[in-house]
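> From first to last, the protein sequence lines stand for chains A and B.
Residue 20 in my numbering is what sits at position 20 of the first sequence, and the numbering runs on without skipping anything.
Residue 17 in my numbering is what sits at position 17 of the second sequence, and the numbering runs on without skipping anything.
Think of the hints as simulated: they come from the structure by calculation, not from any bench.
Some hints could be false.
As the list claims (entries may be wrong) - Straight-line Cα separation of at most 27 Å, DSSO-like style, residue types lysine-lysine; simulated pairs:
| # | chain 1 | residue 1 | chain 2 | residue 2 |
| --- | --- | --- | --- | --- |
| 1 | A | Lys290 | A | Lys212 |
| 2 | B | Lys59 | B | Lys166 |
| 3 | A | Lys449 | B | Lys137 |
| 4 | B | Lys86 | B | Lys137 |
| 5 | A | Lys290 | A | Lys416 |
| 6 | B | Lys59 | B | Lys86 |
| 7 | A | Lys252 | A | Lys212 |
| 8 | B | Lys86 | A | Lys402 |
| 9 | A | Lys449 | B | Lys26 |
| 10 | A | Lys402 | B | Lys137 |
| 11 | A | Lys361 | A | Lys449 |
| 12 | A | Lys402 | B | Lys59 |
| 13 | A | Lys252 | A | Lys361 |
| 14 | A | Lys402 | A | Lys340 |
| 15 | A | Lys402 | A | Lys416 |
| 16 | B | Lys99 | B | Lys86 |
| 17 | A | Lys290 | A | Lys340 |
| 18 | B | Lys26 | A | Lys290 |
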Amino acid sequence: MSRLKQIGNWFEQRLQIAGVIRETATHPVPRQSASWWYVFGSAALTIFILQVFTGIMLALIYVPSAGEAWNSLQYLNHDVTLGWFLRGVHGWGSNFMVAVVLIHMAQVFLFGAYKFPRELTWILGVFLLLMTLGMAFTGQVLRFDQDAYWGLGIGVAIMGRVPILGASLVHLLLGGPIIAGDTLSRFFALHVFVIPGLLIGFVSLHLLMVLKLGINEWPMPGRIVRRSTYVQEYHEMAHRDGVPFVPDAVWKDMFFSAAIIVSVMACAAYFGPFGPSGYPDPTIVQTIPKPDFFFLWIYAMLALLPPQMETAILLIAPVVVLGFLILLPFLSGEGEKSWKRRPIAVVTVLLIAVALGTFTKLATYSPWSPVMDGWSGDPVPVEYLNGRSPLERQGALVFQVKQCRNCHSIGDSGGKRGPALDTIATTLTRDQLVRQVIQGGGNMPAYGKNLNPAEVTALVSFLETLHLPGRPPARDAAQATVTKQENSPPASNR
Amino acid sequence: MKHRFALLALMLAALLALAGCSLRGKPGPGPEVPRPDSVLDPVVLYRENCSACHGAEGKHGPAMTLGDPVYLAIVDDDVLRTTISKGRTGTAMSAFAQKEGGMLTAQQIDAIIHGIRQRWSQPNVLSGVVAPPYAAKAPGNPQPGQAVYNTFCASCHGNGNQGGSKAGSVTNGAYLSLISDQGLRTLVIAGRPDFNAPDWRSNVPGHPMSDQEISDVVAWLAAQRRQPSPVPYTANPSSTANSSPGGVH
Numbered sequence: 001m002s003r004l005k006q007i008g009n010w011f012e013q014r015l016q017i018a019g020v021i022r023e024t025a026t027h028p029v030p031r032q033s034a035s036w037w038y039v040f041g042s043a044a045l046t047i048f049i050l051q052v053f054t055g056i057m058l059a060l061i062y063v064p065s066a067g068e069a070w071n072s073l074q075y076l077n078h079d080v081t082l083g084w085f086l087r088g089v090h091g092w093g094s095n096f097m098v099a100v101v102l103i104h105m106a107q108v109f110l111f112g113a114y115k116f117p118r119e120l121t122w123i124l125g126v127f128l129l130l131m132t133l134g135m136a137f138t139g140q141v142l143r144f145d146q147d148a149y150w151g152l153g154i155g156v157a158i159m160g161r162v163p164i165l166g167a168s169l170v171h172l173l174l175g176g177p178i179i180a181g182d183t184l185s186r187f188f189a190l191h192v193f194v195i196p197g198l199l200i201g202f203v204s205l206h207l208l209m210v211l212k213l214g215i216n217e218w219p220m221p222g223r224i225v226r227r228s229t230y231v232q233e234y235h236e237m238a239h240r241d242g243v244p245f246v247p248d249a250v251w252k253d254m255f256f257s258a259a260i261i262v263s264v265m266a267c268a269a270y271f272g273p274f275g276p277s278g279y280p281d282p283t284i285v286q287t288i289p290k291p292d293f294f295f296l297w298i299y300a301m302l303a304l305l306p307p308q309m310e311t312a313i314l315l316i317a318p319v320v321v322l323g324f325l326i327l328l329p330f331l332s333g334e335g336e337k338s339w340k341r342r343p344i345a346v347v348t349v350l351l352i353a354v355a356l357g358t359f360t361k362l363a364t365y366s367p368w369s370p371v372m373d374g375w376s377g378d379p380v381p382v383e384y385l386n387g388r389s390p391l392e393r394q395g396a397l398v399f400q401v402k403q404c405r406n407c408h409s410i411g412d413s414g415g416k417r418g419p420a421l422d423t424i425a426t427t428l429t430r431d432q433l434v435r436q437v438i439q440g441g442g443n444m445p446a447y448g449k450n451l452n453p454a455e456v457t458a459l460v461s462f463l464e465t466l467h468l469p470g471r472p473p474a475r476d477a478a479q480a481t482v483t484k485q486e487n488s489p490p491a492s493n494r
Numbered sequence: 001m002k003h004r005f006a007l008l009a010l011m012l013a014a015l016l017a018l019a020g021c022s023l024r025g026k027p028g029p030g031p032e033v034p035r036p037d038s039v040l041d042p043v044v045l046y047r048e049n050c051s052a053c054h055g056a057e058g059k060h061g062p063a064m065t066l067g068d069p070v071y072l073a074i075v076d077d078d079v080l081r082t083t084i085s086k087g088r089t090g091t092a093m094s095a096f097a098q099k100e101g102g103m104l105t106a107q108q109i110d111a112i113i114h115g116i117r118q119r120w121s122q123p124n125v126l127s128g129v130v131a132p133p134y135a136a137k138a139p140g141n142p143q144p145g146q147a148v149y150n151t152f153c154a155s156c157h158g159n160g161n162q163g164g165s166k167a168g169s170v171t172n173g174a175y176l177s178l179i180s181d182q183g184l185r186t187l188v189i190a191g192r193p194d195f196n197a198p199d200w201r202s203n204v205p206g207h208p209m210s211d212q213e214i215s216d217v218v219a220w221l222a223a224q225r226r227q228p229s230p231v232p233y234t235a236n237p238s239s240t241a242n243s244s245p246g247g248v249h
């Protein structure tokens with residue numbers, strides 16, 4: 001007997017684990033479930049392991065203190081060999097993990113895998129999603145840059161609105177009433193100990209149940225799940241037409257996981273790490289904080305939320321959504337699994353995907369935010385100044401200095417909060433322009449008190465030059481008649 | 001099995017492609033977003049703070065042509081520093097120094113001035129020419145100023161609010177309300193070469209304007225300054241604004 005085998009036997013005598021491993025590896029899975037559609041769960045686990053390893057390496061250098069965190073990330077980015085790459089892998093790993101977990105969840109939902117007897121697997125999965133998002137959020141806070149600082153401010157402002165418990169929750173999370181010295185320590189503990197610990201526990205249970213209950217069979221239209229017969233039918237299927245997990249199914253999992261890791265590394269190498277953006281100093285006001293990619297949809301939704309819906313969306317909707325996800329396997333624990341016979345499920349997934357995608361897309365250019373340096377940094381297009389009178393050019397100056405540009409774009413630069421003004425004179429007459437400037441209206445504040453008459457005159461003169469080429473500016477037809485009457489002798493009126 | 005090899009090959013190809021790329025994601029030197037008050041690159045500072053009004057390259061903006069070497073030859077650094085720091089009361093130029101409520105430090109303002117000089121000054125642009133002083137030494141007299149206007153300005157700017165054939169009106173009350181006497185003086189001396197307005201030497205060929213003439217015409221223009229009526233509605237819009245040949249070209 002070789003030395004190696006002797007050592008193996010010594011361990012086996014004490015651990016008695018070989019049988020379990022062999023059983024796990026060779027347990028039969030339905031032939032059709034050994035599919036490319038069933039690789040996302042294992043991929044999520046792989047990324048989680050990658051995150052643990054890269055996270056430990058980052059923790060060797062990262063300093064979780066408000067004063068030093070930003071500097072230690074600069075040190076990682078610039079002074080540690082491949083430190084930037086490590087940060088990139090951890091940051092992109094986070095994005096990939098959220099994406100893969102969401103895809104996994106959508107696939108499980110569409111394939112009816114949450115139905116009997118896998119209800120608890122689904123519920124644990126819902127908590128795993130929350131923890132994954134929790135890791136993404138706390139990780140963003142640990143980056144402790146301007147985005148983190150203001151993002152956290154918004155997060156706790158929402159939390160502070162929870163009835164009765166709000167103030168205590170904020171205090172618990174921040175270590176005080178405001179973001180201060182203790183805050184980062186708390187988030188470090190959450191990100192490094194609390195949530196990963198829970199994740200490991202939940203993932204273990206989740207996996208255990210997948211092994212014990214068997215992987216979901218490929219859903220066939222017309223094959224109905226019934227509590228009384230399902231378990232027996234499943235085992236018959238797995239044994240009659242099953243394949244051993246290793247090697248018939250596992251190679252796809254391994255291949256996909258490897259591809260995901262290569263993709264994470266490629267993104268890290270090509271796009272680099274995330275931030276850190278500006279130094280987290282609240283006295284620096286020249287900043288446009290934005291959350292990380294997977295929270296952009298929330299950012300857009302919060303920005304576009306009508307005030308009267310705030311309580312409903314911020315406090316009630318999350319509870320309803322979470323409640324629905326947890327209750328889902330009890331609401332439809334039996335019946336059809338195939339997405340071909342579940343049109344509402346398909347439409348729901350599509351609707352959610354389109355809504356999240358739309359909000360995310362909007363958030364990437366946040367048209368609701370004024371461009372705060374538009375007035376000083378976006379030049380007036382030369383063609384809007386050539387051939388103009390001194391008064392009109394002075395109007396362009398008023399347009400910039402009074403910060404109209406922060407909300408209104410001309411020549412494709414400037415804010416998008418208000419309409420672009422490149423052809424405003426084609427739609428508004430001089431009187432309408434004057435009225436709009438002085439009184440505001442729509443979403444625009446009144447500028448009457450901020451502009452003296454000369455400034456209004458100059459500004460409107462400039463705006464009047466902004467019309468489509470070859471088309472005269474809009475004019476008030478009645479005004480022309482009045483002018484004509486005023487200029488004519490009274491007798492000719494009759 | 002065939003599939004497995006194909007996929008393996010695909011993955012290897014992806015790896016090779018990755019190895020072939022340079023590591024583009026490596027962060028450049030310095031923090032990605034520096035503290036705003038630590039930025040001392042004059043090009044960046046000019047772009048973020050000045051370009052909107054003074055033009056991307058110091059010209060073709062609605063405000064003074066900072067990229068005009070003639071202008072830069074008559075104005076000194078102290079004037080530029082004071083103007084940037086404190087702004088010009090009654091004009092569109094606002095204060096940029098932190099002490100005055102702006103966002104720029106003294107070093108940043110110096111960096112902007114240095115950058116403007118380095119990019120657009122031409123050392124010998126006025127060699128052999130005695131330029132009128134930037135600031136008037138004595139107040140001008142509006143009465144002879146009108147004649148000066150008719151001689152040097154009216155051929156382009158015309159008389160009255162309608163403006164002339166080549167340029168719009170500079171006697172418009174609203175326009176004059178938005179520009180200071182010094183602004184007028186600087187414009188008369190340096191012109192707006194980016195919009196084909198000549199400097200003090202070339203309004204009438206071979207007859208540069210004297211310091212006194214400049215002061216007088218500025219005094220006369222200042223006397224035309226009046227705020228338009230508080231509600232700028234008029235039956236005849238062209239009485240306040242010179243109609244533009246305009247349109248977006």
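> Now look at each hint and say whether the structure bears it out.
Do the hints match the structure? See the list:
no. : hint                : result
1   : A:Lys290 - A:Lys212 : violated, 43 Å
2   : B:Lys59 - B:Lys166  : holds, 20 Å
3   : A:Lys449 - B:Lys137 : violated, 37 Å
4   : B:Lys86 - B:Lys137  : holds, 22 Å
5   : A:Lys290 - A:Lys416 : holds, 17 Å
6   : B:Lys59 - B:Lys86   : holds, 22 Å
7   : A:Lys252 - A:Lys212 : holds, 21 Å
8   : B:Lys86 - A:Lys402  : holds, 17 Å
9   : A:Lys449 - B:Lys26  : violated, 50 Å
10  : A:Lys402 - B:Lys137 : violated, 33 Å
11  : A:Lys361 - A:Lys449 : violated, 37 Å
12  : A:Lys402 - B:Lys59  : holds, 21 Å
13  : A:Lys252 - A:Lys361 : violated, 33 Å
14  : A:Lys402 - A:Lys340 : violated, 58 Å
15  : A:Lys402 - A:Lys416 : holds, 16 Å
16  : B:Lys99 - B:Lys86   : holds, 9 Å
17  : A:Lys290 - A:Lys340 : violated, 39 Å
18  : B:Lys26 - A:Lys290  : holds, 22 Å
In summary, the structure is inconsistent with hints 1, 3, 9, 10, 11, 13, 14, 17 from the numbered list given earlier, while agreeing with the others.
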